[in-house]
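Could you put together the complete structure from these sequences and hints?
Respectively, the protein sequence lines represent chains A and B.
Here the numbering used here is used: position 92 in the first sequence is 92, and no number is missing along the way.
So the mapping is simple: the numbering used here equals the position in the second sequence, first residue as 1, plus 1000.
Just so you know, not all the hints are guaranteed correct.
In silico negatives: residues of chain A with every beta carbon more than 12 Å from chain B [to be verified]:
(1) Y121
(2) L314
(3) G318
(4) Q330
With a Cα cut of at most 20 Å, we get these calculated SDA-like pairs of lysine to any residue [said to hold, decoys possible]:
(5) A:K312 with B:R1019
(6) B:K1462 with B:E1449
(7) A:K231 with A:Q262
(8) A:K189 with B:P1288
(9) A:K189 with B:R1265
(10) A:K313 with B:R1019
(11) B:K1189 with A:T239
(12) A:K327 with B:P1017
(13) B:K1250 with B:N1227
(14) A:K189 with B:W1029
(15) B:K1189 with B:N1256
Source of the hints: derived by calculation from the structure; they are not laboratory data.
All C-beta atoms in this analysis are idealised placements derived from N, C-alpha and C, irrespective of residue type, glycine included.
2 protein chains.
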Amino acid sequence: MQVTIPNFLKQRTFLTPHRQAFIFENEVWSFNDMYERVKVLSRKMVTLGVKEGDSIALLLKNRPETVFIIHALQQLRVKAVFLNNKLTASEMVFQLKDSEAKIIIHDIEFEHISKEISNSYPFILIKSQNEIETLIETEINFVDEYRLDDVCSIMYTSGTTGQPKGVLQTYGNHWWSATGAALNLGISKEDIWLCAMPLFHISGISILMRSVIYGMPFYLMEKFNENLVNKLLCSGQVTIMSVVSTMLQKMIASLNNQKYHQRFRCMLLGGDPAPRHLLETCTQKEIPVFQSFGMTETSSQIVTLSPEDSLKKLGSVGKPLFPAQLKIFQEGKENEPSIPGDIMVKGPNVASGYLNRPTANQTSFIDGWFNTGDIGYVDEEGYLYVLDRRSDLIISGGENIYPAEIEAVLLSHPNVEEAGVTGIKDPIWGQKPVAFIVLKNKTSTWEEELVEFCQKTLAKYKIPKEFYKVNQLPRNASNKLIRRNLIRYITE
Amino acid sequence: MQVTIPNFLKQRTFLTPHRQAFIFENEVWSFNDMYERVKVLSRKMVTLGVKEGDSIALLLKNRPETVFIIHALQQLRVKAVFLNNKLTASEMVFQLKDSEAKIIIHDIEFEHISKEISNSYPFILIKSQNEIETLIETEINFVDEYRLDDVCSIMYTSGTTGQPKGVLQTYGNHWWSATGAALNLGISKEDIWLCAMPLFHISGISILMRSVIYGMPFYLMEKFNENLVNKLLCSGQVTIMSVVSTMLQKMIASLNNQKYHQRFRCMLLGGDPAPRHLLETCTQKEIPVFQSFGMTETSSQIVTLSPEDSLKKLGSVGKPLFPAQLKIFQEGKENEPSIPGDIMVKGPNVASGYLNRPTANQTSFIDGWFNTGDIGYVDEEGYLYVLDRRSDLIISGGENIYPAEIEAVLLSHPNVEEAGVTGIKDPIWGQKPVAFIVLKNKTSTWEEELVEFCQKTLAKYKIPKEFYKVNQLPRNASNKLIRRNLIRYITE
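What follows is the structure, given as structure tokens:
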């Protein structure tokens, strides 16, 4: 049975018009305020020739207008193609062609890159967010319902190899993600979710979707700033926040002796596997960290550590959300507990596939199960431990080496600010691990110290054979370490 | 896309084995305890020849064993046919034949009626709950997933005219009902839901389903007892309760000057339209009443008054749950606000139809909308006010008279304990309203007093033309007034 449910924003505004929808700097929008703005914008888009089923690309910052535009596209059942702001023009052109986007709407700061796109791909209509505002309105009837199988958003995965792939996220995927998360984290009318992740990333857009589905305000931040975040968390102005490790590390570094307000109930930690020492610090500081595991293809978290287990299972990302399932797979069969293998997930929040990628769809989506490309294992009780990306795995003399494990050890050294580990070719061992370090203080003996430090906890084959001091590590728009780019420090 | 989600109890036990599942008298079962019992029971049922797709009728009281049996059937994907304990043998036989139930499982107290059933319908296997216990176990694999479109339970509507109809409630209907309710009422890990409604009624079984979906304990009560309920609510042992008006009235009558604990956050009031004076009393006593509207066909509440509106819109049952919709329909088109008409609802919690009733399905389920058979209107803001059952409507001299409105006036008289109003034939007016009253104190002038009282607030045509003093009103197993049976006081 094809399930339809009411147009999210229209229904939410009908049900609770006066509840807060979101906060930006010192301004607050109720669902009613927002819907009025969104209706105007939708009518202007219609004037531009936008219609149901079209794809429109967005090159926008975390600002109120962006929230309105995202909702306006949903009012028209138009697919939003979220462009990562940090991409080059040629990378964007690839995504525009692949998604057959008719229009780009960009913030004024992206005027220059939009012109570049226009030069190499003149078939696309480019409009600044301000230009949309100047359009006249065309009267239309707004849709009453969404079909859960309809595509709502297209988001390109950074892609570990080859071209990025456009993940087709349906209204249903977002719905099930939001309700699955609610069954784990609870829903309270006191909640305000801090969105310091980019809205073009699944961790950002999923907050916007939860807001309209739960009837919960979110606090939108244009750019992550640890001092401002700490202020919000200490004063109790927000109750939940989504972060990745590097953000959390910066927050803790600038927190000093302050404590987060007791209303702050959930630090939802995603992205890379979190270093153990970070989790331990959070435990000491009584920060309620919920480790989670998820990706663009799962429309946000799919495995999360429950409240009751957050201390007992430190380092685990937990168990699947209620509507989801998980298995560890290797060579066509499920692994026993504690044996690492491919992490496979299933659930109605998992995207139905990639756009225009029949081969990738065949290899990644098998009988309803999605192969995440990550390696991990479950313990006897079914808690998931993520080791690494399959593609980041280093095989040295037949031994599997997980970069994240080495990085976690390095990060626990007092002089290490950031650490990245990858494999390089080795004539004897096939591959060997090498480390890239951002130091806190440059000392003459830093390398020897790190080797000695590693020898205390790591098997010999796991100890990096070379160390490189760097000023920063390659990270993507959501601050995730891109290990395959580490090698450029040596080769370029 | 056919959505599958994990077997509710198996997944819940996997995710949170040690959380409380339910409480009965002084005993507590965790999800793990319960699942162990349920697995044993399921294996015994298999020995009995029960298999996926079968229908099994249950004639059981609100007891732990009943909870286990309901879950055991779900483990086997067997449909549970819930028999109302108050039915006669011949009424039960009708439902057994209609649902093609293979077996009845009954509590020992229903031995006698089971024998009666056996006499008139020897083709059914009858087993007491104790007999099931004595069976040996057959090893099986438990299902990992439910298809949301599969039928989970069959529940017969009391039926206002003609034979009762078996409502087909799917796993998806229960799922969407639970998650839709959660989006309105919130989910807190402090919650314990009091189930004093029969488990064979949708208001009871829906608590059991929410428990396993939310991971929330419920407090099971064998039989509603206002003193025990008040004790639980005053001590804060439960936080939410489902009631109908008559239960709430009894609770208030015996509450005296006590107050419910501040942890008690929701009195979910369903069933008949609630008398205004009852709601006003609850407001005075700071009882957090959430009026709601729902039925067997909507798998529990579908329209509920939100927290923020409970005082502002006293008397309304609120707005639809997030995944649901509502319209007032008359003669093929939607009515304007404040014009009464048929209440139509739509949503993924609405049953797909009745078993073996193609004609009823055609008239009641139209383009995905279900005609509830109730009459009501919405105000300008979309809040629903339920007037009455279409079939209880009295038409007198061309005027519509809603029995519930008259009853509410009568109930606000200090000497009226209960009141029921129905229409009887009248040679001049077609029909005329008559009232049946349970008095608090018998006085010689009670009738004159009530007429005088009605004259103050009711138009002349609405004032009952005859009054009958009775000892009790006809109610069904969930305490709902059955107006069509009032007439028996005169005719029998």
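Hint-by-hint comparison with the structure:
In this structure A:Y121 is separated from chain B by more than 12 Å, as the shortest Cβ-Cβ distance comes to about 34 Å. Interface exclusion of A:L314 from chain B stands, the closest Cβ pair being 18 Å apart, more than 12 Å. Not every CB of chain B is more than 12 Å from the CB of A:G318 (nearest about 9 Å), against its label as outside the interface. Taking the minimum C-beta to C-beta distance to chain B, about 20 Å, the non-interface status of A:Q330 holds against the 12 Å cut.
A C-alpha spacing of about 15 Å is found between A:K312 and B:R1019, which places the hinted pair at or below 20 Å, so the restraint holds. For the hint pairing B:K1462 with B:E1449, the CA-to-CA distance comes to about 16 Å; that is within 20 Å, so the pair holds. The hinted pair formed by A:K231 and A:Q262 meets the criterion: a straight-line CA distance of about 13 Å does not exceed 20 Å. Pair hint A:K189 plus B:P1288 holds up; C-alpha atoms about 15 Å apart against a cutoff of 20 Å.
Annotation: proposed proximity of A:K189 to B:R1265 holds, straight-line Cα distance about 13 Å (limit 20 Å). Restraint check for A:K313 and B:R1019: satisfied, since their Cα atoms lie roughly 17 Å apart, inside the 20 Å limit. A hinted pair counts as satisfied when its Cα atoms are at most 20 Å apart, and B:K1189 with A:T239 qualifies at roughly 16 Å. With a C-alpha separation of about 19 Å, the suggested pair A:K327 and B:P1017 falls inside the 20 Å cut-off, and the hint holds.
Distance check on the hinted pair: B:K1250 and B:N1227 sit about 9 Å apart at the alpha-carbon level, within 20 Å; holds. Using a Cα cut-off of 20 Å, the hinted pair A:K189 and B:W1029 is violated, with the two alpha carbons roughly 29 Å apart. Using a Cα cut-off of 20 Å, the hinted pair B:K1189 and B:N1256 is violated, with the two alpha carbons roughly 30 Å apart.
In summary, the numbered hints that this structure violates are 3, 14 and 15.
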